[in-house]
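Listed below, chain by chain, are the residues.
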Amino acid sequence: MEVIKLISDYALPAIVLIIILIGLLRDIKVYDVFVKGAKDGIVTIIKILPSLVGLLVAIGVFRASGALDLLVYALRPAAQLIGIPSEVLPLALLRPISGSASLALVTDILGNYGPDSFIGRTASTMMGSTETIFYTLAVYFGAVGIKNIRYTLIAALLADVASVIASVFICSLIFGR
Amino acid sequence: MLNYIWMGMLVLGFALGIINGRIEQVTQALIDSSKAAVELCIGLLGIMCLWTGLMKIAEQSGMVEKISSLARPVMAVLFPGIPKNHPAIGSIMMNLVANMLGLGNAATPLGIKAMEELQKLNAKKDTATNEMSMFLVLNTSAIQLVPATIIAVRSAKGSKNPAEVIVTIWGASLFAAIVGILSAKFMSKIWRNGRRKSYGGN
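Keeping their order, the protein sequence lines are chains A and B. With the first letter of the first sequence counted as 1, position 150 gets the number 150 in the numbering used here; the numbers rise by one all the way through. With the first letter of the second sequence counted as 1, position 6 gets the number 6 in the numbering used here; the numbers rise by one all the way through.
By construction, these hints were calculated from the structure, which means they are not laboratory data. Since the model is a prediction, treat every value here as computed from it, not as a measurement. From the three backbone atoms N, C-alpha and C, an ideal C-beta is built for every residue, glycine too. One or more of the hints may lead you astray.
DEER-style ranges, computed between Cβ atoms [as the list claims (entries may be wrong)]: (1) B:G104 to A:L6: 14 to 22 Å; (2) A:S172 to B:V38: 39 to 47 Å; (3) B:M7 to A:I7: 42 to 50 Å.
The whole structure should be built from the sequences, with the hints applied where relevant.
Right under this line is the structure:
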């Protein structure tokens with residue numbers, strides 16, 4: 001674990017240093033090139049903004065309306081059938097749409113049930129093994145102006161469901177229920 | 001598809017907001033969320049410029065191309081449509097590595113860079129290619145070596161062993177990545193209403 005943490009800590013400065021040193025070695029005017037490249041960053045951010053506004057507004061309205069509670073209620077029987085505890089179901093549904101909200105929720109769950117309980121460990125595993133799919137898709141596709149995303153969302157959601165089920169399964173296998 | 005999902009979320013949100021008597025909160029969310037999007041973009045602006053700047057250096061020095069050629073054997077299986085030594089592979093690699101190391105701030109700009117490179121290979125500019133889909137699926141299911149945020153929360157909530165979930169997280173992520181890759185591969189073969197591959201390579 002210590003080694004991995006050490007790598008994580010030094011990775012960023014190391015990457016930056018390597019990029020600049022190789023640039024110098026190849027006789028590149030690193031600062032001039034950097035400034036030129038940095039300018040592209042502004043354009044990209046401006047390209048992301050419209051899709052991000054659209055997405056965050058839809059998610060905000062959806063959450064504020066209580067639609068999530070309804071979804072949890074509707075999915076509870078199916079979730080219980082495959083062994084997903086109903087305490088972590090809201091987290092499973094919230095995780096793909098909002099990173100900050102699901103972090104708040106997982107903090108709440110760990111506080112209520114204890115971080116070392118089965119519920120707590122499963123919630124932690126779910127939180128760490130899934131991503132904010134909608135945000136990632138909006139930012140990455142928005143940046144290049146893709147409108148027809150084809151099957152991308154379906155494949156990403158399938159992976160998400162797989163990680164939720166795997167979290168429950170692996171936690172009961174390793175820690176016991 | 002995005003059109004329907006977006007419309008569905010908003011219509012359902014407004015309808016349920018009225019039924020649940022939460023229309024005030026819904027209206028507030030509408031205003032707050034649009035503001036949050038701008039704040040997010042401004043927050044990203046600096047780090048985005050930093051990485052597009054650094055990547056420009058890496059590109060001109062031939063570093064990206066070098067990484068591309070080194071990563072080619074693995075990448076050829078996942079991304080058959082990317083030509084040999086194309087800079088897209090270098091950008092994808094750097095994004096995935098940043099993701100694994102939990103460098104979220106670096107990962108997003110690098111990922112966008114990768115998308116821009118993939119877009120150059122795209123014949124139909126408004127439609128996602130198989131390579132883009134595969135990249136995003138990998139990106140959303142990628143393994144994080146040290147899930148620092150959740151470990152910090154567990155520790156704050158008094159866990160006896162906050163880091164014990166690392167192994168279960170690795171396991172669940174690995175399974176998710178495998179399911180994601182297989183579904184993306186499978187659907188790229190059966191998805192008809194998009195387009196078949198139309199650029200060179202394979």
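Results for each hint:
1. B:G104 to A:L6: 14 to 22 Å: holds (19 Å)
2. A:S172 to B:V38: 39 to 47 Å: Check passed, 43 Å falls within 39 to 47 Å.
3. B:M7 to A:I7: 42 to 50 Å: holds (45 Å)
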